[in-house]
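**Student:** For chain A, the structure is supplied; the task is to place chain B on it using the hints.
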Amino acid sequence: MHSLPLAIIKYSGDPLVNVAGAYIPAWIACMLLGVLGTWFFGILLHRLGYSSILHPEAVMIPALFGTITIWTWLLIFAAR
Amino acid sequence: MSDHLHGNTPLLLSRTPAWKNFFSHPRIIIFIFQAIILLTLLLGAMKVWKNVQTFPRTDDAQIIANTVGVAAQVGGTIVKLYVVDNQKVKRGDLIMTLDARPYEAEAARAKAKLELVSSEVKGLEEQVKAAKATLREREAKAAYTVMHYERLKPLLEGNFASADQVQQAQSEAESSTALVHESEALVERAIHNLAEVHGKNTRIEEAEAELWNAELHVSYCNIYASCDGYITNLKIAPGSYAACGAQLFTIVDSSIWYVLANFREIDIHHIKEGQSARVYLMARNRTPIAGIVQGISRGVFPYIGASRATAGEGGVLAVVPPTFDFIQLATRFPVRIVLQGEERSDFRLGGKASVIIDTRTTPFGGELKLLQEPDFIPFLPPLRTPELKAP
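In order, the protein sequences belong to chains A and B. 49 is the number of the first residue of the first sequence in our numbering; add one for each residue after it. 3 is the number of the first residue of the second sequence in our numbering; add one for each residue after it.
The following block holds chain A by itself, in its conformation from the complex (with noise of 0.2 Å):
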């Protein structure tokens, strides 16, 4: 619907993001987006050979999603 520079101002700041009526809070869907983020990233890590930037896993898996995470929120939600 709207290309992503028009969201990103549309949207900019408003804490909530609407799902058919039901309001989520933004950084439930910025974590969904982190979720995704880590996994496309592991696969084109995996694919350019790379993969072992993803270990020791327990640490640098939840580093991957909490950077996606937070810097999808402070683009397109945190308030200026």
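The hints are simulated quantities; they were obtained by calculation from the structure and are not laboratory data. C-beta: ideal position from N, C-alpha, C; glycine also. Don't take every hint at face value.
Simulated restraints, written as ranges between beta carbons of each label pair [what the hints assert, rightly or not]: (1) Leu319/B / His94/A: 57 to 67 Å; (2) Ala320/B / Ile72/A: 18 to 28 Å; (3) Ile72/A / Arg300/B: 27 to 37 Å; (4) Lys49/B / Ile72/A: 14 to 24 Å.
**Tutor:** For chain B alone, coordinates are given in the frame of chain A:
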């Protein structure tokens, strides 16, 4: 995969310069990427913390407007309703009319009573005049009898008057003096009966007050809107009985719209009056409206020692339940934010909103739609002169 990389290393070494060789070493690249991820995470976390501290936010907020309950000040059957549900009304608009006949009859009775009392008062005034006239007559008589006695008394010594004559004159003088005293008391009594205090007759004042009260009751049969707003929850029709003081429906006051946003006590100390707020109404496609923090609540219903079921009976304190049971949660206090600018079509009392407060702004520099403009002129319905009908 790493074996595969190691297998390629000799080939890369032979083709690339030394610095590229250094960066293409798998261990270094892996370490650098790992460091980037961890540092970005740390930086992001710090930025999030700072952002949340600078812009406290809540999604537990509702649009609120003041409400005015419409109730009849006298009991009566609703004869006519001039509004429909959800209609916008202006202050002073006629909303409905009650059957005024009993009150008109009462007003007629009070008016007749006023006339009667006026007539009675005239009678009492005449009584005062009569009493004064009697007093003057008796004073004249007494003056004569006293003088007569005074003249006769010296004549007794020379036997020019009999003792009987003198005694008769003395008793007549005393008797007429006593009659003067009686008459004086009668004048006093007549004046007290007339009951004039500070140049006004209290009987007439009482009757006038009764008439005024009856006229007020007649005027209460026309019910007017006491504020600009919207008729809400109108579920009655003409013919319903409006009991005195019972609320019939509500007017949502549209002059000031505000948002009550519940903020956790840990965020409250950043928030100050006059700071600007961004209010996102769920109803209006997520574009923010500017608001100003009017104040922070000093108290909510305390849950300690009280059961959840009786919370609503807190009465005058706002009830803000915590969202979980098993962890001690921060109490949330309502922060009142006045929405700026014109009223919008999607402002509805109870509508959900989320709020972000910009704690960098103190006080608000822009144009301020004043927060709660107290209306010092109370609304008084116009007094209709009762059309008194002869019974």
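**Student:** Which of the listed hints are broken here?
**Tutor:** When the structure is compared with the hints, none of them turns out to be violated.
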